[in-house]
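2 protein chains.
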Amino acid sequence: MKKDLSFIYATQKDLCTLYGIGALLGWDERTHMPRKAVSARADQQKLIHDLIYEKMTADKLLDALHRLREKTLSGKDNLVVKELYKDVIKARRIPQAFCQELVKTVVMAQATWEAARYKNNFALFRKHLEKVVELKRQEAQFIDPDKKPYAALLNEFEEGMTPEKLTDLFDYLKKELITIVDHIKGTPRYSGQTPVRVVMKEDRQKAVIGEILKKMRMPSNRTSCDVSTHPFSIKLSENDVRITTRYLDPLDSFFAAIHEAGHALYELGISKKYCNTVLFYAASVGLHESQSRFWENMIAKNKSFWSGYFPQFARYVDAGFTPESFYYAVNQVRPSFIRVNADEVTYGLHIILRYEIERDLIDGTLSVADAKDAWNCKTKQYFNLIPSSDNEGILQDVHWAGGAFGYFPTYTIGSIYASQIYNHLEKTLPDFDRMIRVQNFNPVLAWLRANIHSKGKSMPADDIIAQACGSGLNPKEFVDYLRAKFIPIYER
Amino acid sequence: MKKDLSFIYATQKDLCTLYGIGALLGWDERTHMPRKAVSARADQQKLIHDLIYEKMTADKLLDALHRLREKTLSGKDNLVVKELYKDVIKARRIPQAFCQELVKTVVMAQATWEAARYKNNFALFRKHLEKVVELKRQEAQFIDPDKKPYAALLNEFEEGMTPEKLTDLFDYLKKELITIVDHIKGTPRYSGQTPVRVVMKEDRQKAVIGEILKKMRMPSNRTSCDVSTHPFSIKLSENDVRITTRYLDPLDSFFAAIHEAGHALYELGISKKYCNTVLFYAASVGLHESQSRFWENMIAKNKSFWSGYFPQFARYVDAGFTPESFYYAVNQVRPSFIRVNADEVTYGLHIILRYEIERDLIDGTLSVADAKDAWNCKTKQYFNLIPSSDNEGILQDVHWAGGAFGYFPTYTIGSIYASQIYNHLEKTLPDFDRMIRVQNFNPVLAWLRANIHSKGKSMPADDIIAQACGSGLNPKEFVDYLRAKFIPIYER
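Respectively, the protein sequence lines represent chains A and B. Numbered by my numbering, the letters in the first sequence go through residues 166 to 657 in order. Numbered by my numbering, the letters in the second sequence go through residues 166 to 657 in order.
Hints in this document: simulated from the structure, not taken from any laboratory. Incorrect hints may have been included.
If chains are identical, the list can't say which one is meant, so a pair holds when it fits in one copy or spans any two.
[Stated by the list, open to error] With a Cα cut of at most 20 Å, we get these calculated EDC-like pairs of lysine to aspartate or glutamate:
1) K269 <-> D208
2) K437 <-> D208
3) K438 <-> D208
4) K371 <-> D391
5) K466 <-> E376
6) K340 <-> D311
7) K340 <-> D169
8) K284 <-> D525
9) K168 <-> E489
10) K201 <-> D169
11) K537 <-> D417
12) K543 <-> E324
13) K340 <-> D252
14) K437 <-> D179
15) K592 <-> E219
16) K168 <-> D336
17) K178 <-> D208
18) K296 <-> D535
If you're wondering where the values come from, they're calculated on a predicted model, not measured in any experiment.
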């Protein structure tokens, strides 16, 4: 047993080291890599992936796990064996040749998606999307032949979540969100609102972001903040979790950096005792997203926050704003076409629309040929808007080109979890509002570390939230949170 | 035979891919990596090194090479087999456990060197240097038991070069350099010279460097220029060769960037037909250094260059300079303690001093305990100066702490080659001076590509120079070049 255990720990350490190398290759590709290096980079990535596949599917590893599963193990060993076994079984079910075909297909599909976006023409992308959908249906069969295909894919991002549960949850949420939006649209404030304007030079944006990250306790010796087209965060090792932002619009760069820092703090806060094991990762994608959204929406778009923080922004903001009116301005609700620009209320509707379409595409009840009509039709239903072009509609997100079916729902699962955390902290942390106003985030971060971050993958995400906040995924809390925040903004 | 050939080419491709990944790990470590990530980075590097070692020492590879060496092969295949066989034999001679001990020892030695520098006290570093010297002597025995130890180490950096040849060459050069310096020190210009001052903000330095790199035809889609404490250049793949500089002093950042760009252009110019083989690398370290020094000293410190380029610098330069006097100012000769700040004339003396000491350390005729005295004594002899502290003397360079014995001579070999290239181009390229004045470097780069860069490792460095310039390593040409450049500066 001792020999088996030390073998699986050594394997996990090698796997984590390889994941870290792969992460560096990916980070660099999106930040600093010269453009023409792309093909050699693909070779480098492939070599690392092949090594991971080899290690993961080695018979010796499966044999060791089989033997260990027969034994009574201590807490951590038991969890490690359970999680690693799942990963190994999954890796062994998907043939390597299939993986390679899938990777090649999504690389081509993403390039074609970009070209189609450039021409604003979904028809150019359709065939590629069909191929991706086809392969993802096959992949779902490999992963779990007993599940409906979408259920298998969804489970990869949010373990334990099912399309049945999600459809119920989203049907409820859709109704509530549309009600809130309709209510807001009926207020005089809604028709009078105009966008906020902030003009700030890049080096000033960098300085502002540097200060807020410091207040969030992003450790400068364990993180970095670079520039990329699309902001992201990535873990390279236990003391190396990086974020990016982009310096176009000052509010965009500000909120994006805070969002990504929320992700990074999660990874940085996972208990060191899980380092170099399969438990040293987030419990789910939805829980990961809850951390970024919590910091971005619940903290950095909070009324108390802006009441204390506005003076630092004031000289870059159009005249006439007060801390309060600026808070209103950064929280404007407005139905629109583009998900990434959406406010907290309508964001969920964008997700539900995508969820319904991707579920039906993967389960075979909607064809790619009909997907554009479905998109436009749902946009009319949920937003009362009609996309004037494919870029405003079905072509706006890269996720499907990349094969990430089942990913979209995690954004809203994250929002729901974040609202539960916020509701809980507001009730239980003494002096919460004052702390946010003076930007003293230490107690909040300490709570997140103790109750969310440190757990890593040692518990299911939903159990972590239930233990921390009193109940598992609870869309009603999210609706209550939205009402409590946004109705006063529009009925003031 | 076909099977063996395709196996060795596949192995070389994997090796190149692994070298590229290792290069990225190293580049990142010196540019962007958060400080605390160092231990996980060491694990990542070790994993890649182990994979390289495994591939390189696989019996299957040696067997294939043995079989291929019996065959008559075409030009490229023949060269590939010859070079790869040398690498394989060498890798197999050095036991992996020894490699690991050496790596651990130099990591510790480098850290101790930094600490010793901080305290300006060689005694703190002595024991570590002794250990490194001891291991490098052993390594030399592994590499080639028939050679004297220093000869074996020198051959690693500059294949074909021997300590016998080098001692002769350096004895000649030492005499000539001291004569030139003495001559210069006797001129009235020498005693009257004062350092040039340039004050330029970092973003302006970046812009200036961006422009000059563009003129050097550094392709922006195949390169990048980042910041690091010590400037360096590194190849990650055929279309990814990066340089760094540091933005402290504007002339330092300018010349450092040009120096590193010279290295990068070499790597970028190696013929694509050698890509993913053992020939896709520089012919020697000395030849590599010739490229950086050519651009830095022969081009960017050239009189014609500054006569055309000075206006772009003029407003950042202390009043009173003309293009001509600025050229004099950036070419001041002055015996000093510190190698990296040395001018073209005294630089060689710094190298000769280090060569003589490291040769004797490795061959066992000088003990580490006596090295400091030897250093100070030679500094008196060659520069007529006495180091006032260890940082001004034996502690100034990291090379020995890193185990790079045999590296220093390549700097001067590079200077000699560079002077031969310069003398040749000045004679043979029509309109050479005018082109340099208007910063049209295209014909120079085209010549370098055709005659130096493209060859990769397909020929010995000295043969490349002989073919391109009419003779192999020729210190007399270097002395002539220095006399022709510096005597007029001081006798004007």
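- Violated constraints from the hint list, given by number and in increasing order: Hints 6, 7, 8, 9, 10, 11, 12, 13, 15 and 16 not satisfied by this model.
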